[in-house]
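Each protein sequence line maps, in turn, to chains A and B.
Mapping of the first sequence onto the numbering used here: residues 69 to 228, in sequence order.
Mapping of the second sequence onto the numbering used here: residues 367 to 658, in sequence order.
A hint or two may mislead.
[To be verified] Sample of chain A residues with no beta-carbon within 10 Å of chain B, all distances over it, derived:
1. 70
2. 87
3. 101
4. 127
5. 131
6. 144
7. 207
[Stated by the list, open to error] Pair by pair, the computed Cβ-Cβ distance ranges are:
8. B:540 <-> A:193: 34 to 44 Å
9. B:543 <-> A:105: 26 to 36 Å
10. B:452 <-> A:228: 20 to 30 Å
For the record, the hints were derived by calculation from the structure and aren't laboratory data.
Cβ atoms here follow ideal geometry from the backbone N, Cα and C, with glycine treated the same way.
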Amino acid sequence: MASKVTVTVTVNGRTLSAECEPRRTLADFLRQTLGFTGVHLGCEHGVCGACTIVFNGATARSCCMLAVQADGAEITTVHGLADGETLHPMQEAFWDNHGLQCGFCTPGMLLRACELVEEFPDPTEEQIREGISGNICRCTGYQFIVDAIRDGAQRMRQTS
Amino acid sequence: MKPASVEYHKATSIADAVDVLSSTEDEDAKVLAGGQSLVPMLSMRLARPSVLVDINGLTDLDYIRRDGDWLSIGALTRSRAVEKSAAVRDAAPLLSEAMGFVGHATIRNRGTIGGSVAHADPAAEAPAVLCALDAELVITGPAGARTVGANDFFHGFLTTAVGPDEMLTEIRVPVLPAGTGCAVEELARRHGDFAMVAVFAAVTVGDDGRCTDARLALAGTNPTPVRAREAEAVLVGSGLTAETIAQAAQAAAGVTNSANDIHAPAEYRRDMASVLTRRALRRAASDANVVV
């Protein structure tokens, strides 16, 4: 067995350290080792997008990285979006537009949606659909998610 | 879906990475770049290297530079950076367009152009577009660096000219001449999925309206990316008309050599190669200001 490594990451503003084997994926490290249950593990091989996080400023699939690679990184999970009890405008928009049913894909959808709006502050439906094409939802048929992201983009423009 | 036990080495330099690659017994060390293909393969245990050599710290492999008639791209440059680079769009717009088809935005944030090329999935866009562009790939090993043309680089399914003690370090792309039109056409189940068939076309048109150079590469249709040389020969020296384009499209279908698989029968891929080649050439011609 490979010797354990100590990994230190800053997640949603908190700096934490833990030991793990090099083979530990970042997704498992965040969810199982550190308890950030907003990291959802779906396919575990880079297809579904549920485990999306923000890694050093850009979205990444935490199942396609090893925890040891994240040593020293700044990470945001879905729980880093809200400001205390106040939801992020994109979260509000998902709530108001029924942009989720079971909620499993929602963390990845939200983080990807926020990144998408940074690139396209007023995204077209096509830009939204292409932008979330790497995130699979098996409940909604996507229409309400697309509506929510368009609404969320508008709210983010108003608050920025 | 958990990787098998593996040693991890964070490379401090290219020389250090090559040193670990060449000193690993059984020659089964793997270079870990963006990890977008390798980590899933580890998780599914399709790959079980004894050592991972992580090159993400080698920021001197992360660059895009224009040097006269060549564009040099470090192997660790993220796909997203290549896609968005003004220097790439200026020198080789075919490459910019192709990178937009590589996975999804989140994958491109992390995945590297070098990783995609070294992984050599026959349905991936980066290997095929580099064949179309006659790119050169710089491979560094214990004996130093050597250069291999993209069209000699891909040996088979997931197999390349890179030896077990070597790593891909740079991608060099010749700048496309003025008057070149480009287009990528891809058929995939969803945008961002691997191509069932993808066609990468660049046509250069002279002052008299004749095609002076044509490049056509296909992905998804063969065990490696493949150039449609006969189709190119149809176009060079001729005008880009509906007839020559149809003839070239038919010739392009002739180079496909795929098995029937869960995604499509071989005949379907062959037919789509023709359809997509026609579409790509029409759009490339229009991009070069030729009305077809």
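inquiry  = Of all the hints numbered above, which does this structure not satisfy? Sort the numbers upward.
reply    = Hint check: 1, 4, 5 and 9 fail, others pass.
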